[in-house]
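Q: One-letter residues, chain by chain:
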Amino acid sequence: MRKIKLKILEKKPSLFTRLTLGILMFLLAASLAYAVWSLPTQALGLSAEVAKNVEMSGVSNPVTAVLLNYRSYDTLLELGVLLLALFGVWSLGGVSANKSSFVNPILDFLSRFLVPVFILFSGYLLWVGGFAPGGAFQAGAVLAAAGVLLFLNDWQLERKYSGFSLRFVLVLGLVLFVAIGFGFVFLDRVFLEYPPQLAGGLILLIEAAATLSIGISLAALFLGRDPSVKSDSKIDTGVHK
Amino acid sequence: MNFDNWVPLLIVIIPLFIAVIIFALAEDKIKTRSTLNIGASVLSLGLVGIMLWGVSKGFHYETRFSFLPGLDFVLRADSLSMLFVTLSSALWLLTTVYAIGYLEGSPHRSRFFGFFSLCVAATLGVALAGNLITFLLFYELLTLAAYPLIVHRGTQKVRRSGRIYLMYTLTGGALLLLGTVLLYSITGTLEFVASGFLSTLDSSTHSLLILVFVLLVSGLGVKAAIVPLHGWLPQSMAAPAPVSALLHAVAVVKAGAFGIVRVIYDVFGIEFSVTLGLTLPLAIIAAITIIYASTRALFQDGLKARLAYSTVSQVSYIILGVAIAGPIAAVGGVVHLVHQGVTKITLFFCAGNLAETLGIHNISEMHGVGRRMPWTMTAFTIGALGMIGIPPLAGFITKWYIGLGALEAGHGWVLIVLVGSSLLNAAYFLPILYVAWFTEPKGDWPAEKKLGKYETSLLLLVPPLITALFVILLGLFASLSFSALAWSEFIISKEFLL
Amino acid sequence: MTPAFLYALVGIVLFSIGLYGLILYKHLLRKILAINILGSGVFLVMVALAARTGDAVPDAVPHAMVITGIVVAVSATALALALMLRVDAETGQAVLPEDREE
Amino acid sequence: MEEISILLLFDVLVGLTLVWLAWQTLSSLDLFRAIVLFIAFGLLMALAWVRLNAPDVALAEATIGAGLTGALFLSALAQLSASTKRKDEENKIENS
Amino acid sequence: MLIDSPHWISIIILLPILGAVASFLWRQHIVKIALTTATGTVISVGILSWQVISNGVQCYELGAWNAPLGIELYVDGLSVLMLLVTAVVGFAISIYASAYFEGNKSKHFWPLWLFLWSGLNALFVSSDIFNLFVTLEIIGLSAVALVALSGGAKAITAAMRYLLVSLLGSMLYLMGVALLYHSYGTVDMVLLSLRTEMNPAMWLIMGLMTVGLLLKTALFPLHFWLPAAHSSAPVPVSALLSALVVKASFYILWRLWIVVFPLDNDAQVGLGFILGVLGSLAIVWGGVKALQQTRLKLLIAYSTVMQIGYLFLAFPLASIMGWKAALYFILAHAIAKTAMFMVAGNILIHKGHDRIADLYSTVQHLPLTIVAFSLSGISLMGLPPSGGFVAKWLLLEAAIVSGQWWWGIVLLVGGLLTGAYVFKVLGYAFIQENSTNEPRPIGISKRMEWTALSMALFAIVLGFIAPFVLGIMDIGSPFTKGSL
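Protein chains in written order, with the working numbering: chain P, 313 to 553; chain D, 732 to 1229; chain V, 65 to 166; chain G, 119 to 214; chain L, 10 to 493.
Possibly wrong hints are sitting among the right ones.
[Claimed, not checked] Stretch-level coverage of chain D by chain L, calculated; a stretch enters the list once three of its residues show a Cβ under 8 angstroms from a Cβ in chain L:
1. 876-882
2. 891-905
3. 912-920
4. 945-957
[What the hints assert, rightly or not] Straight-line distance between alpha carbons at most 30 angstroms, and here's what the computed DSS-like set of lysine-lysine pairs gives:
5. Lys-762/D with Lys-455/L
6. Lys-472/P with Lys-116/L
7. Lys-433/L with Lys-888/D
8. Lys-298/L with Lys-888/D
9. Lys-760/D with Lys-455/L
10. Lys-298/L with Lys-90/V
11. Lys-472/P with Lys-114/L
[What the hints assert, rightly or not] Derived coverage of chain L by chain D (criterion: at least 3 residues anywhere in the stretch with Cβ under 8 angstroms from a Cβ of chain D; other residues may be distant):
12. 219-227
13. 395-402
14. 429-440
Since the hints were derived computationally from the structure, they do not count as laboratory data.
These numbers were taken from a predicted model, which means no experiment stands behind them.
Think of the CB as a built atom: it goes at the ideal place given N, C-alpha and C, for glycine as much as any other residue.
Chain P with its partners taken away, still in its complex shape (with noise of 0.2 angstroms):
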């Protein structure tokens, strides 16, 4: 990476902008903690409740109870700002990220060892969601990592996969959501309601499609443009290998 020596060097705003907005921020601040500080030092909060109903939930670890049981609501829409980020971003077109035709050795080795690896982490803390810190998020954000240094790499989703099967895929996540969630309303139970006794393994089913969504979402972010489109924008000057 050559030594990106950006200073632009700012117009200093005056001294007097930057005190009053100081002093301003400091009130705020101040106020800030002693509402904090008035707040009783002793709160249980809705942890006895989580607490109660986690065997309910199909799901040991209480965090991904609330997230994909209690309040999954909040998880379907959480998936649905992200695909809308996409939508957005690929929607502005964006820069296409020059490609260096220059491929560096060390993040070669090294993209070659880790991608299994974060692959394979991926996989570990889906499964471990369910009793312990994990989950599709985080699952997710391991799996973008790996894309992101394939990206790194120059590496190129083939056309062919890059149209209808890589939207697909993004969409994967939030559509079985919506359909599972959606599906034991015609069993008479109410939306995103999960018979408890199978809660565990479809918690687990809609995690794998949302890490699976999630990580290619993430990666499709960094990379900024709809790869199906070819970049026929004229910034565009990276050579293709």
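Once you have looked at the hints, place chains D, V, G and L on chain P.
A: Using the frame of chain P, we list chains D, V, G and L on its own:
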């Protein structure tokens, strides 16, 4: 919902419906557009006739559906509204005929006649409104529908006068709305009741009621062109003749005056207004308007400008008559609604003829025009004399009743105002007649056009003659049972607890 | 001064620093950094106060909310960075028009 | 007794460094330095989450907050400096 | 049977999401998918509203977990009306956009717009403040991406500024949510309304959340981002922003103000006074700025800044009539503003520019569009017989009944200012320039003109169906504190 409930709504809906159809009509379909127009006005005139006969027999026509919680959209045919409805629909027919002739060959006629019938619908709505909110609704609709007619020509001058018109009328509308809401918050009802519904309220609200009265009258005064608020009327004379004829002689201006009559009779009630001490200041303002506008008319060289100022002063006769709070003066005021309408429309028709056929816009160009267009000028003369108040024409009846009523109600000074204004009327109308009849034409006319074998096309000539005839008939046969005067006495008898 | 309140205080200070940076600095990249710091401040306050359950397991609901918040923050940052690049491509400077000093 | 105070000291230290890192990130002149500091800030945040015994959040912060957001920032910075370098060349060509 | 099944609440959220996903996947027949989704959503909103109107408030516990732990959805009169106006405006915009966008842009427009629609529906039915944060994010991000869709320096910078403002607003709101949760142990509005009481922390929470939401609603001092964003966005998007997105954050502030914040009546009047003053400044400032604009879309954007001011006049009145008037303003403004932006769109395509001074003789070439403009202008001015008039009447009455008549004067001044700029535009449209040398006008598809006209007509019809609409507003009495 039998027939009685539908008639008032029908009368308002017909011109509305016609307006929508005409908007959609292509520009070149003159034949269908004219037949549609005339057919609609004849049909509604027929309906008005039926209702007229019905009301005199005591039938009760009313359309009502709920519009706001606690407030209904009411169209009701009572005696006062019948007077104004008959006047409007009759003159609507004549003006349509006149407009078809006048606008021969000019662009955008579909748009013109569309907005024209929208205006008429609004005027009929104003006349038939059964409570203050329906009145407000059609009152504002009239403001909107009249604007495109004023700016129809699209020239810079016309658009400026349109802007002035809007400034006045929108502010007036806002004041009226404020007054109405204030009234509603005090009384809880806005229904027009024969002798007003405010007299029963306790005295604590009197100061608020005075504020309401001031707001309502100033809101309506803008359209009725009372002195401080009359600025827009002379400005909007740049509009085409049929617009100034129907709108500024009958629809827009009368809506304001009619509104004030409604407020005084059916909202406050005449006795309550007197006890509140509102009628005297109003009478004084009306008198000032009459004198001021007549003096301003003296110095106007433009024919239509002079007629505009005379309209401003004539409309205040109505307000003066009503504000004197004597039954006879009230009859004079109410009947003047009809007389002024008919007389003034004749004058505007003739002014339009002169402008259209000979290109005459100013009085100084009218030398010897009587020889060139005898029929138009006779109609103009009848109208002018009627306006001055020469017996046996319609204007005389009004002034006679108002004078008599003023004496009977102890307001001697009104008589001086009447005499003074009649002199002023004479002062600004007679020179026109003299110039037209007794002087030699100076060379050729500014823009002479040959329209048909008579002095001008029949479509332009017949309407002023008919209205001039009305001016005479209304004067001569005033005592007949179905005349405007008799009808006004029928109205006033309900208002005053004789 | 239990750790909960200490970290909550740190969170509040981060929140103020983030707001200060967002308003003051002109470069869009710095503004996006400031928004991330602002977000971290709020999340820190959220989780710090959740640790006030004495020696029992801390309250899991704020943890779930913060995870959701972090993913929202990363999505928003990705969109903000893409927009910043387009602003730079369109106007030649990665600065908002009102902050440009000609 | 002192065992608690050591942890307290540790927390205070973590807190102070967090604030210092945040301040340095925003006020440093060089953008690259700012981003590197931001990544360090993210990692330290993960440490803070561990201290507040919120392991799930620590994992999420480490992977997404520090890792991925840092990567996004660096990639954006690379593209930004590439486009400014290209513009400088174009200006040089124009006025040369 | 299907019609009276309780699950329509979740269907109106999931259907647009699935539609967005489907239109993202199958790009070749994207418009067909999108329009069927739009119709489906409108029908399901219709069924839900019919259910609520006929048998009252609906409460829906997601995942069968009750309030403190799970998330509850709650639909009362207020939510139904917001859903209905979103459905009507959304459907009209979908039809307009299907003719407005072509090729590449429509590939990006539909998924974003359908996500925005589902975010709006989710926001109007949710009664959980953290869930509201997530829906706010969905709406914020998709709105920003939609604004940036029209490319060009102005739109991109406007989108950037809008994104920063939106994120700042969300973060302030989230800090308020955090403090609320940790003070009272729940994020559910109903439980919060029982537990909140006035203490210094509560003052700060109210301040933070109000400022955050005011930023997103663009009330006067915080409106700097709105004109650029709403005017440079593609026309269907600016209609969306002005009609719906701005009202979503107002809706949240409204719910918090009535249900969650522990304000007794005179506290509401006292604090409301500040919002009322800001609202009045917005009205005057918006009106004056709108008058000075030379471009139509900017004029309409400033008129939005003004109309938002009207909504905040209801806060100091703190009476049910005042709240109903504000809701009626939202409905009337949403529909009239959509029509007006569509008119601007038609003129923009037809003439290639939207400079007001050169709008001469548009009456001849686009008669329907000018009629649509004047009808929607009538509703914005608040002249009878439009929806705007009913709203103006109710607010005037509420102001006078509660003795604070000065808000009524501000309202009337606003009406006159609106009249001034509406007729300024109309005046130019009537000029008789010799239209012979007018270049052969590019034919706008009839669909776009007719949608604009039908929305304008609907704004007028809204003036006649007041009793029905006000009846809906009473379901579940949303404006009294203990009711939710």
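Q: Run every hint past the structure and note whether it holds.
A: Hint check:
no.: 1; hint: 876-882; in the structure: holds (count 3)
no.: 2; hint: 891-905; in the structure: holds (count 7)
no.: 3; hint: 912-920; in the structure: holds (count 4)
no.: 4; hint: 945-957; in the structure: violated (count 0)
no.: 5; hint: Lys-762/D with Lys-455/L; in the structure: 28 angstroms, holds
no.: 6; hint: Lys-472/P with Lys-116/L; in the structure: 20 angstroms, holds
no.: 7; hint: Lys-433/L with Lys-888/D; in the structure: 15 angstroms, holds
no.: 8; hint: Lys-298/L with Lys-888/D; in the structure: 26 angstroms, holds
no.: 9; hint: Lys-760/D with Lys-455/L; in the structure: 22 angstroms, holds
no.: 10; hint: Lys-298/L with Lys-90/V; in the structure: 27 angstroms, holds
no.: 11; hint: Lys-472/P with Lys-114/L; in the structure: 23 angstroms, holds
no.: 12; hint: 219-227; in the structure: violated (count 0)
no.: 13; hint: 395-402; in the structure: holds (count 4)
no.: 14; hint: 429-440; in the structure: holds (count 5)
The structure is inconsistent with the numbered hints 4 and 12, although it conforms to all the rest.
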